[in-house]
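As given, the protein sequences belong to chains X and B, one line each in that order. Numbered as in the numbering used here, the first sequence ends at 479 without a single skipped number. Numbered as in the numbering used here, the second sequence ends at 479 without a single skipped number.
Warning: the hint list may mix true and false statements.
A pair holds if it fits inside one copy or across any two, identical chains being indistinguishable in the list.
Pairs of lysine to any residue residues, derived as SDA-like cross-links and limited to a Cα-Cα distance of at most 25 angstroms, are as follows [stated by the list, open to error]:
(1) 60 with 184
(2) 417 with 461
(3) 244 with 207
(4) 422 with 249
(5) 123 with 305
(6) 467 with 418
(7) 315 with 65
(8) 17 with 410
(9) 79 with 97
(10) 417 with 202
(11) 25 with 134
Read the hints as simulated data drawn from the structure, not as lab findings.
Protein chains: 2
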Amino acid sequence: MSKGVTPRSKDYAKWYTDVVQKAELADYSPVKGCMVIRPYGYALWEQIRDFLDRRFKETGHVNAYFPMLIPESFLKKEAEHVEGFAPELAVVTHGGGKELEEPLVIRPTSETIIWSMYKKWINSYRDLPLLINQWANVVRWEMRTRLFLRTTEFLWQEGHTAHATGEEAEEEAHRMIDVYRQLCEETLALPVHVGRKTENEKFAGAVNTYTIEAMMGDMRALQAGTSHYLGQNFAKAFDVKFQSEDNVMEYVYASSWGVSTRLVGAVIMAHGDDQGLILPPRIAPYQIVIVPIYKNPEDKEKVMELVNSLEKAFKDQGIRYHTDDRETVSPGFKFNDWEMKGVPLRVEIGPKDADKNGLMRVRRDTGEKTFLAIDAFIHSCKETLEDIQQSIYNNRLAFREENTTDVATYDELKEVIEKGGFARTFWAGDSDMENRIQEETKATIRCILFEKTKESGPCVMTGKPSTEQVIFSKSY
Amino acid sequence: MSKGVTPRSKDYAKWYTDVVQKAELADYSPVKGCMVIRPYGYALWEQIRDFLDRRFKETGHVNAYFPMLIPESFLKKEAEHVEGFAPELAVVTHGGGKELEEPLVIRPTSETIIWSMYKKWINSYRDLPLLINQWANVVRWEMRTRLFLRTTEFLWQEGHTAHATGEEAEEEAHRMIDVYRQLCEETLALPVHVGRKTENEKFAGAVNTYTIEAMMGDMRALQAGTSHYLGQNFAKAFDVKFQSEDNVMEYVYASSWGVSTRLVGAVIMAHGDDQGLILPPRIAPYQIVIVPIYKNPEDKEKVMELVNSLEKAFKDQGIRYHTDDRETVSPGFKFNDWEMKGVPLRVEIGPKDADKNGLMRVRRDTGEKTFLAIDAFIHSCKETLEDIQQSIYNNRLAFREENTTDVATYDELKEVIEKGGFARTFWAGDSDMENRIQEETKATIRCILFEKTKESGPCVMTGKPSTEQVIFSKSY
Chain X
4 MSKGVTPRSK DYAKWYTDVV QKAELADYSP VKGCMVIRPY GYALWEQIRD
54 FLDRRFKETG HVNAYFPMLI PESFLKKEAE HVEGFAPELA VVTHGGGKEL
104 EEPLVIRPTS ETIIWSMYKK WINSYRDLPL LINQWANVVR WEMRTRLFLR
154 TTEFLWQEGH TAHATGEEAE EEAHRMIDVY RQLCEETLAL PVHVGRKTEN
204 EKFAGAVNTY TIEAMMGDMR ALQAGTSHYL GQNFAKAFDV KFQSEDNVME
254 YVYASSWGVS TRLVGAVIMA HGDDQGLILP PRIAPYQIVI VPIYKNPEDK
304 EKVMELVNSL EKAFKDQGIR YHTDDRETVS PGFKFNDWEM KGVPLRVEIG
354 PKDADKNGLM RVRRDTGEKT FLAIDAFIHS CKETLEDIQQ SIYNNRLAFR
404 EENTTDVATY DELKEVIEKG GFARTFWAGD SDMENRIQEE TKATIRCILF
454 EKTKESGPCV MTGKPSTEQV IFSKSY
Chain B
4 MSKGVTPRSK DYAKWYTDVV QKAELADYSP VKGCMVIRPY GYALWEQIRD
54 FLDRRFKETG HVNAYFPMLI PESFLKKEAE HVEGFAPELA VVTHGGGKEL
104 EEPLVIRPTS ETIIWSMYKK WINSYRDLPL LINQWANVVR WEMRTRLFLR
154 TTEFLWQEGH TAHATGEEAE EEAHRMIDVY RQLCEETLAL PVHVGRKTEN
204 EKFAGAVNTY TIEAMMGDMR ALQAGTSHYL GQNFAKAFDV KFQSEDNVME
254 YVYASSWGVS TRLVGAVIMA HGDDQGLILP PRIAPYQIVI VPIYKNPEDK
304 EKVMELVNSL EKAFKDQGIR YHTDDRETVS PGFKFNDWEM KGVPLRVEIG
354 PKDADKNGLM RVRRDTGEKT FLAIDAFIHS CKETLEDIQQ SIYNNRLAFR
404 EENTTDVATY DELKEVIEKG GFARTFWAGD SDMENRIQEE TKATIRCILF
454 EKTKESGPCV MTGKPSTEQV IFSKSY
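Working from the sequences, and respecting the hints, build out all of it.
Put into structure tokens, the structure is as follows:
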């Protein structure tokens with residue numbers, strides 16, 4: 004388990020898979036394309052889920068649960084939607100020993116089943132807004148899968164809201180992409196670009212798709228979350244109208260938004276190194292691991308006395324900790340093991356440390372080792388964890404800025420993409436041009452930036468003046 | 004929404020469905036047999052989930068997630084298991100536009116997929132015990148469905164543990180049925196009988212099944228949770244062996260245990276009355292609802308001042324509350340609405356109450372109305388909620404005892420079952436006899452009681468002396 008991983012410089016994809024498996028985050032399952040999320044990986048997802056669930060409720064949302072099986076005909080009601088999802092569907096044709104009259108698809112996303120219910124629930128402006136979220140599994144048949152990043156089944160949340168006006172629904176879509184930004188930046192220590200997708204890249208059925216894009220350790224982009232303004236598309240497909248305050252019947256406006264277990268993959272890829280995971284303290288299942296070191300019962304007693312007082316202090320401070328008291332493996336094995344698992348702080352206490360009423364503190368992010376008196380450690384450990392959190396974030400931000408280049412010509416753009424990194428530029432091109440660039444460079448427009456570095460500039464391809472600054476990059 | 008429900012005495016089944024829909028707990032979906040869990044119903048499930056998740060973690064368990072799709076061949080590896088589940092399977096035959104080489108079934112329960120993984124993870128006694136739980140959806144094709152109680156798809160948790168000895172796995176199965184008992188008795192205010200299932204009634208693939216059985220408002224039994232000792236059945240089916248401390252290769256011992264969204268149905272049926280739901284405070288999404296009453300801005304100001312101080316007090320005390328400040332419906336409408344939704348305490352504040360610095364407190368369980376000074380209310384409300392919790396439990400316990408009869412002959416048994424209620428008796432019969440009784444009376448042995456009223460007695464059918472005291476009842 005604690006043996007090394009393939010170095011990133013040698014084979015980044017192999018490094019990723021090694022870390023996922025050796026840190027016991029996930030495992031391959033006997034079903035092609037599906038993964039098993041192991042307890043340590045699931046604990047990361049629980050942290051993400053708890054943060055979001057709290058923020059969703061604070062912003063007025065409630066949870067509900069809709070059926071996983073959807074009549075095939077429902078998908079077809081929204082033309083773009085079915086076109087986008089048809090190739091990825093898993094289809095149930097038999098149930099209870101009989102062939103079904105109409106095949107059912109396993110939800111690839113729930114707009115259709117949810118809007119078929121909203122038709123029953125929404126009659127008047129008094130029923131709006133409807134702000135519902137769902138935690139669920141979805142299935143999208145994928146040909147090339149990767150643990151966490153792209154699997155046939157994955158876990159996610161999907162918000163589906165209904166509003167009386169388009170402005171309100173747009174506002175909601177913006178509010179939620181900002182909640183995702185907060186999750187990434189404040190909890191996952193992951194700086195993101197927030198922006199809008201181009202027509203080519205938007206969600207099947209959306210008017211506008213907003214996205215957060217992060218840079219991974221290999222300088223590729225990863226789409227970490229999306230939020231869609233759906234206009235009246237699904238309301239029209241499912242005939243959902245409401246009586247307005249002025250007694251007019253009108254179609255309802257919608258938003259939807261989601262993030263998935265892919266975020267666990269983002270954390271691994273953004274922060275990890277050749278020793279394994281590096282977890283930001285706010286998401287780490289264990290923020291501190293204690294490794295007691297002793298060889299005889301006398302030393303053990305001495306060491307464990309200190310360990311107990313540490314545990315008490317951690318409990319009082321609400322710190323998530325773990326004491327590795329396994330007697331079947333060596334301290335060195337434990338050090339490697341918890342480095343692989345990315346625990347932010349390791350505390351080593353041997354008999355000599357105990358004699359001095361102190362301990363060795365080891366930071367996972369910098370490797371820094373410091374001997375500290377136990378009281379000094381207890382008083383500073385929360386602050387140290389915050390410092391690690393901030394420092395991991397700063398590190399990623401610096402890395403992204405170092406690997407972002409402003410480009411003015413297509414040649415420059417190609418050069419940046421080939422070398423690896425984000426190419427930032429202005430854009431006034433069309434869909435075909437975007438497709439051509441993708442064919443030639445494998446890069447796509449990740450987003451039209453909300454926060455621009457300049458107000459306007461000439462389009463990298465057409466030279467036309469444009470106010471839309473974009474990021475081009477290869478992506479996951 | 005707040006219109007009345009069918010009285011229980013007139014049509015219990017209709018009453019149940021009315022309450023579920025009018026209290027907005029769940030709704031029928033366009034997919035046969037599947038339900039939509041609406042936000043208010045889902046909030047009940049969240050309370051149940053949070054209680055259990057905490058208890059699972061306190062008892063050393065961790066969460067994980069396994070694929071929902073299982074190769075059809077896996078189900079066939081445990082002979083009894085496939086026989087039990089084959090008629091209920093939903094089968095995916097197509098994925099990504101192609102017919103699959105091997106059909107996949109949607110999990111009806113996850114023993115097979117989980118034990119196929121345990122084979123990879125378990126090698127030595129050092130890997131044991133493995134104490135994993137999963138929160139998931141499952142699908143069992145049901146012909147006759149009822150909201151919450153029996154639906155094709157439902158939400159549940161399933162624990163799957165692996166142990167080095169049979170004693171340890173048995174102990175685990177007992178520990179977890181006791182956690183379920185605590186959930187029912189302490190949180191849901193639902194007294195339960197704890198016991199073992201007969202051979203006829205046990206889980207397909209188990210050596211022993213333990214169960215908790217509750218009495219519903221119509222005197223039928225409802226199985227509220229089960230825990231299974233699986234022996235080495237699944238370890239043998241999936242060839243999962245471990246090296247013992249004595250260097251011997253041995254098959255692993257297993258337990259599994261689960262409760263589902265059916266528990267929400269149990270809460271409705273056990274406590275509800277002809278005005279709707281009655282929720283025990285510990286599970287109620289809102290423990291207190293505040294209904295401010297006013298007609299003019301002056302009164303509103305006066306009333307809302309009191310409301311604000313109440314809200315502050317509730318927040319400080321960690322009480323879940325809701326202020327119904329809708330201006331589009333009347334106070335009477337609100338009273339009915341929150342009675343339907345079973346909120347334990349309602350607080351009414353009108354201008355006259357405000358003048359006296361007081362409020363009207365209304366208990367949902369007893370209907371009792373009391374005028375109280377605001378300070379007196381604030382100081383007593385937690386205690387009142389506890390009193391309601393206990394009183395609902397006592398009420399259900401008394402109801403069950405009133406409707407439980409000790410029977411000594413088959414005629415007596417038949418009489419009790421026909422009248423409605425639990426028939427308690429000793430049992431030394433066989434499977435065939437049990438089947439015959441079921442055919443003739445529709446009653447089954449719900450459980451062989453852990454807590455007996457007497458050490459032994461003659462079997463109700465054979466007259467043979469027996470130490471196994473059982474409950475016969477019709478059930479959901």
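Consistency of the hints with the structure:
For the homomeric pair residue 60 and residue 184, the shortest alpha-carbon distance inside one copy (17 angstroms) is at most 25 angstroms, but the shortest distance between copies (30 angstroms) is not. For the identical chains of this complex, residue 417 and residue 461 are intra-copy neighbours only, at 17 angstroms inside a copy versus 89 angstroms across copies, given an alpha-carbon limit of 25 angstroms. Taking the shortest alpha-carbon separations for residue 244 and residue 207, only the intra-copy value of 22 angstroms comes in at or below 25 angstroms, while the best inter-copy value is 48 angstroms. Proximity of residue 422 to residue 249 under the C-alpha cut-off of 25 angstroms is found in neither arrangement, the shortest distances being 59 angstroms within a copy and 57 angstroms between copies.
For a Cα distance limit of 25 angstroms, the shortest separation of residue 123 from residue 305 qualifies neither inside one copy, at 68 angstroms, nor across copies, at 39 angstroms. With identical chains, the CA atoms of residue 467 and residue 418 are at most 25 angstroms apart within one copy only, with a shortest distance of 22 angstroms there and 90 angstroms across copies. In this assembly of identical chains, the alpha carbons of residue 315 and residue 65 lie at most 25 angstroms apart only when taken from different copies (22 angstroms versus 36 angstroms within one copy). Taking identical chains as interchangeable, the C-alpha atoms of residue 17 and residue 410 are never at most 25 angstroms apart, the minima being 31 angstroms within one chain and 69 angstroms between chains.
Proximity of residue 79 and residue 97 under a CA criterion of 25 angstroms is satisfied in both settings, with 21 angstroms inside one chain copy and 17 angstroms between copies. In this assembly of identical chains, the alpha carbons of residue 417 and residue 202 lie at most 25 angstroms apart only when taken from the same copy (22 angstroms versus 71 angstroms across copies). Taking the closest pair of Cα atoms, residue 25 and residue 134 come within 25 angstroms of each other only across two copies (20 angstroms); inside a single copy the shortest separation is 40 angstroms, beyond that limit.
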